[in-house]
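There are 2 protein chains.
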Amino acid sequence: MAEKITLRETDYSQWYIDLVRSAKLADYSDVRGCMIIRPNGYAIWEKMQAALDAMFKATGHVNAYFPLFIPESFIKKEAEHIEGFAPECAVVTHGGGEQLAENLYVRPTSETIIWSSYKKWIQSYRDLPILINQWANVVRWEMRTRLFLRTTEFLWQEGHTAHATSTEAQEEVLRMINVYKTFAEEYMALPVIMGRKTESEKFAGAVETWCIEAMMQDKKALQAGTSHNLGQNFAKAFDCRFQSKEGALEYVWATSWGVSTRLIGALIMAHSDDRGLVLPPKLATRQVVIIPILKGDISAVIEKARSIAAELNQKGIAAFVDDSDQNSPGWKFAEYELQGIPVRLELGPRDIQSSTCIAARRDTGEKSKLQLDRSLADQINSLLESIQTNLFNRALSFREEHTLEVSSYSEFKANIDNGFLVAHWDGTDETEAKIKEETKATIRVMPADPEMVLRYGMDQPGTCIYSGKPSSRKVIFAKAY
Amino acid sequence: MAEKITLRETDYSQWYIDLVRSAKLADYSDVRGCMIIRPNGYAIWEKMQAALDAMFKATGHVNAYFPLFIPESFIKKEAEHIEGFAPECAVVTHGGGEQLAENLYVRPTSETIIWSSYKKWIQSYRDLPILINQWANVVRWEMRTRLFLRTTEFLWQEGHTAHATSTEAQEEVLRMINVYKTFAEEYMALPVIMGRKTESEKFAGAVETWCIEAMMQDKKALQAGTSHNLGQNFAKAFDCRFQSKEGALEYVWATSWGVSTRLIGALIMAHSDDRGLVLPPKLATRQVVIIPILKGDISAVIEKARSIAAELNQKGIAAFVDDSDQNSPGWKFAEYELQGIPVRLELGPRDIQSSTCIAARRDTGEKSKLQLDRSLADQINSLLESIQTNLFNRALSFREEHTLEVSSYSEFKANIDNGFLVAHWDGTDETEAKIKEETKATIRVMPADPEMVLRYGMDQPGTCIYSGKPSSRKVIFAKAY
Numbered sequence: 001m002a003e004k005i006t007l008r009e010t011d012y013s014q015w016y017i018d019l020v021r022s023a024k025l026a027d028y029s030d031v032r033g034c035m036i037i038r039p040n041g042y043a044i045w046e047k048m049q050a051a052l053d054a055m056f057k058a059t060g061h062v063n064a065y066f067p068l069f070i071p072e073s074f075i076k077k078e079a080e081h082i083e084g085f086a087p088e089c090a091v092v093t094h095g096g097g098e099q100l101a102e103n104l105y106v107r108p109t110s111e112t113i114i115w116s117s118y119k120k121w122i123q124s125y126r127d128l129p130i131l132i133n134q135w136a137n138v139v140r141w142e143m144r145t146r147l148f149l150r151t152t153e154f155l156w157q158e159g160h161t162a163h164a165t166s167t168e169a170q171e172e173v174l175r176m177i178n179v180y181k182t183f184a185e186e187y188m189a190l191p192v193i194m195g196r197k198t199e200s201e202k203f204a205g206a207v208e209t210w211c212i213e214a215m216m217q218d219k220k221a222l223q224a225g226t227s228h229n230l231g232q233n234f235a236k237a238f239d240c241r242f243q244s245k246e247g248a249l250e251y252v253w254a255t256s257w258g259v260s261t262r263l264i265g266a267l268i269m270a271h272s273d274d275r276g277l278v279l280p281p282k283l284a285t286r287q288v289v290i291i292p293i294l295k296g297d298i299s300a301v302i303e304k305a306r307s308i309a310a311e312l313n314q315k316g317i318a319a320f321v322d323d324s325d326q327n328s329p330g331w332k333f334a335e336y337e338l339q340g341i342p343v344r345l346e347l348g349p350r351d352i353q354s355s356t357c358i359a360a361r362r363d364t365g366e367k368s369k370l371q372l373d374r375s376l377a378d379q380i381n382s383l384l385e386s387i388q389t390n391l392f393n394r395a396l397s398f399r400e401e402h403t404l405e406v407s408s409y410s411e412f413k414a415n416i417d418n419g420f421l422v423a424h425w426d427g428t429d430e431t432e433a434k435i436k437e438e439t440k441a442t443i444r445v446m447p448a449d450p451e452m453v454l455r456y457g458m459d460q461p462g463t464c465i466y467s468g469k470p471s472s473r474k475v476i477f478a479k480a481y
Numbered sequence: 482m483a484e485k486i487t488l489r490e491t492d493y494s495q496w497y498i499d500l501v502r503s504a505k506l507a508d509y510s511d512v513r514g515c516m517i518i519r520p521n522g523y524a525i526w527e528k529m530q531a532a533l534d535a536m537f538k539a540t541g542h543v544n545a546y547f548p549l550f551i552p553e554s555f556i557k558k559e560a561e562h563i564e565g566f567a568p569e570c571a572v573v574t575h576g577g578g579e580q581l582a583e584n585l586y587v588r589p590t591s592e593t594i595i596w597s598s599y600k601k602w603i604q605s606y607r608d609l610p611i612l613i614n615q616w617a618n619v620v621r622w623e624m625r626t627r628l629f630l631r632t633t634e635f636l637w638q639e640g641h642t643a644h645a646t647s648t649e650a651q652e653e654v655l656r657m658i659n660v661y662k663t664f665a666e667e668y669m670a671l672p673v674i675m676g677r678k679t680e681s682e683k684f685a686g687a688v689e690t691w692c693i694e695a696m697m698q699d700k701k702a703l704q705a706g707t708s709h710n711l712g713q714n715f716a717k718a719f720d721c722r723f724q725s726k727e728g729a730l731e732y733v734w735a736t737s738w739g740v741s742t743r744l745i746g747a748l749i750m751a752h753s754d755d756r757g758l759v760l761p762p763k764l765a766t767r768q769v770v771i772i773p774i775l776k777g778d779i780s781a782v783i784e785k786a787r788s789i790a791a792e793l794n795q796k797g798i799a800a801f802v803d804d805s806d807q808n809s810p811g812w813k814f815a816e817y818e819l820q821g822i823p824v825r826l827e828l829g830p831r832d833i834q835s836s837t838c839i840a841a842r843r844d845t846g847e848k849s850k851l852q853l854d855r856s857l858a859d860q861i862n863s864l865l866e867s868i869q870t871n872l873f874n875r876a877l878s879f880r881e882e883h884t885l886e887v888s889s890y891s892e893f894k895a896n897i898d899n900g901f902l903v904a905h906w907d908g909t910d911e912t913e914a915k916i917k918e919e920t921k922a923t924i925r926v927m928p929a930d931p932e933m934v935l936r937y938g939m940d941q942p943g944t945c946i947y948s949g950k951p952s953s954r955k956v957i958f959a960k961a962y
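Protein chains in written order, with our numbering: chain A, 1 to 481; chain B, 482 to 962.
Keep in mind that the hints were calculated from the coordinates and are not lab data.
Each residue gets a CB set at the ideal place from its N, CA and C atoms; glycine is no exception.
Treat the hints with care, since some could be wrong.
[Unchecked claim] Over 10 Å on every C-beta distance to chain A, these chain B residues come out as not near it, computed from the model:
no.	residue
1	551
2	638
3	649
[What the hints assert, rightly or not] Computed cross-link-like contacts, DMTMM-like style, restricted to lysine to aspartate or glutamate with a CA-CA straight-line distance of at most 25 Å:
no.	chain 1	residue 1	chain 2	residue 2
4	B	538	A	459
5	A	24	B	804
6	A	57	B	623
7	A	57	B	527
8	B	776	B	803
Could you put together the complete structure from these sequences and hints?
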């Protein structure tokens, strides 16, 4: 089994790294800043992909694939975009043994290479909308890396859509940020705050960036997904115009939106504990481990364990048996807790006699007795649902306990390490920059969730906690990953 | 609709390009040698991925992800490997605005980066086997490219396994080439010949390469998948040893195997015709298009078409309706034939009255009358199965008609443009190279399929058609993609 994991309260950062490596989720590679996503970690990504992909298709999107390489001249076409991304790029200068005539950038994001195609595909309003998503790897040169959260190469999906009107594009932006919110809350059991980014925090090349923000167990914020209204910026950069129904020649409206393997980091940091990974059942490839307690008639116990697993599998529950005799039951308990299997069934000869078994749930450690009868799958499904709900509720309570409204800068500074701060802001870049410089906290989101807006009177005017100038709304500040 | 497609008999290469572009499967990008896989093409890849991934998992494999970049020093560790791949590599020399201390190669294949990890993961026989697959993009600088078949960047899967014994590794090599054969034949409806490559055609760094070879409609061969026995070559290059059960320190045995988006090219070239794409139903995301013939009571026809589609969808058949009034039924017939939808249902007011409809199958163009009753899904399923079977049988007959045994070099030269030639070969690189130089034909495969071996007496000794020296077996020669 694994090395010991540092306790969260001792060193949260070290706990995270220890957990990721002990549970064999990921490893640093010999390539600077790049990670290896190991099978246990990749299995989580596959579950995320399957759920998201189905949600994208249900909202009318199709998948495609665009080149990894972007010619230097393309990436330079949108002024803000190149300013934001060029310093982070990996550059191919040689190919096939020769120096290239034009350098190729390894994609940090694909707006430019995709819009150079859309320009060719779009002539008339009949060609719109284009609703394409791409699953791909991207590269952004990072100086300080952290497994899943910030690595030079990562995996993601990027949606890139083209529309005839600004209104349609804005609807798409909001549709997709809401898809992300639903995914985060229903699959990841991760409560998120949805809203807009400030000017200084938006995507390089966007008119507006929408996001979902989550709170980790160390009370820091983590941006879990973004959806950008790109206006006509990329259409203008690539001269992409269409003939409207009315016959006019107009620039196309664009959106882009993405989530990445960073979500795996968010999942870990939101739910896991000092014993290891805690996985929401909906994202667990293996939901139930059955551990035979091998005393007396070993073969009968193993046989029963296998028949239970087969029955559960047949009913759609991903169960498996660990009947290896190399390790003790205690070792196995610890190992599968480390790996985050949501439910453990302990099965010994006496359990078989009494037609019961012990179920231990990973989230609370609580044990219960289950009946080994036809209703077993139902009993386990309730347990899995209860774990999924409990994880969400626990994370939501935690966030609510650590969200505080402040009305002065001294109050702000006294509490900024304690979670999300709701505060009035005068809407200027200067104030935002000053606060960041002095406290390291940034404006994470201008919330749009109706419940959040209502609860905190987010849209009420007031006075900026920093400048004392009039403020038209409250925003959420926090330190962030 | 699309531009006109060149006829196959006029210019097979141009037919292929025209088809790929008209059916919107792929496009050249502005990046030299790189393609854009458009939604229609990517949908085929998604179907292939789903089927293959399930087969890999059923044989005990798990997915993971390793870095895109490979340090120059790694790729140089295996002598044959670097010799084979270095000239084809794209090289990153700058990252984050600075020149790198060590150049990074964009992976052309991942043996080296993966074995540098396996070295860390493997200490004892208990850590074996490792059965990992990766879905990824790779880059090989190509001078002459062709959409899907040969592009600078392509998508693929690469399995990389580690074993305690040579026997186990060899079993894995054969298991996976047989998985590929099953996939090609059952899903792609593509008959393939399975066997070994010669020394000069094997993978750079392998001890043995196994492959499946298919015949295209122009009678050329196409390599559709490979499985390599890497022996201990990479373990030695990366000093990867394990403690055996007996306590000895031994080098690990390795395999790797892969198929790529090239399979989409094979699929097109094997089955499609002058009207466009022909897709085997098992790889069609859209299996049935329903085209309402809009005369008389339009709304009743549309309503019926939609209810039929809903019923078929519910029964697992991917059906959709095109009820747009922008295009005529004739235009739609041609468009969906171009796109390769396996079955077209034509539905007019009189059909509804008589509770029947016309079904046209894409492979033969044949029309039949179906009953619009409860058995409709069954009728369509039979049709889809019949199409799947017919495509396989048609391709198999074609291959058999164009496979000829030859016993002299003059006979060989007279027939080399006419398909696969079964011939005796003396087993030397020299003879192989001479024949290639003089005829452009290569040894595609030393068949191992029992039926093939038996039919042609592949394992019988004889006389080399070129050198007149003794030959221990017959092999298959052909011109190839």
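Each hint, compared with the structure:
Residue 551 of chain B, annotated as away from the interface, has a beta carbon of chain A within 10 Å; the closest lies near 7 Å. The Cβ of residue 638 of chain B sits about 13 Å from the closest Cβ of chain A, beyond the 10 Å cut-off, so the non-interface label holds. No Cβ of chain A comes within 10 Å of the Cβ of residue 649 of chain B; the nearest lies about 19 Å off, and the non-interface call holds. Using a Cα cut-off of 25 Å, the hinted pair residue 538 of chain B and residue 459 of chain A is violated, with the two alpha carbons roughly 52 Å apart.
At roughly 52 Å between alpha-carbon atoms, residue 24 of chain A and residue 804 of chain B are farther apart than 25 Å, so this suggested pair is violated. With a C-alpha separation of about 34 Å, the suggested pair residue 57 of chain A and residue 623 of chain B falls outside the 25 Å cut-off, and the hint is violated. Taking the CA atoms of residue 57 of chain A and residue 527 of chain B, the gap is near 13 Å; set against the 25 Å cutoff, the hint holds. Between residue 776 of chain B and residue 803 of chain B the alpha-carbon distance is near 15 Å, which keeps this suggested pair within the 25 Å criterion.
Hint compliance for this structure: hints 1, 4, 5 and 6 are broken, all remaining hints hold.
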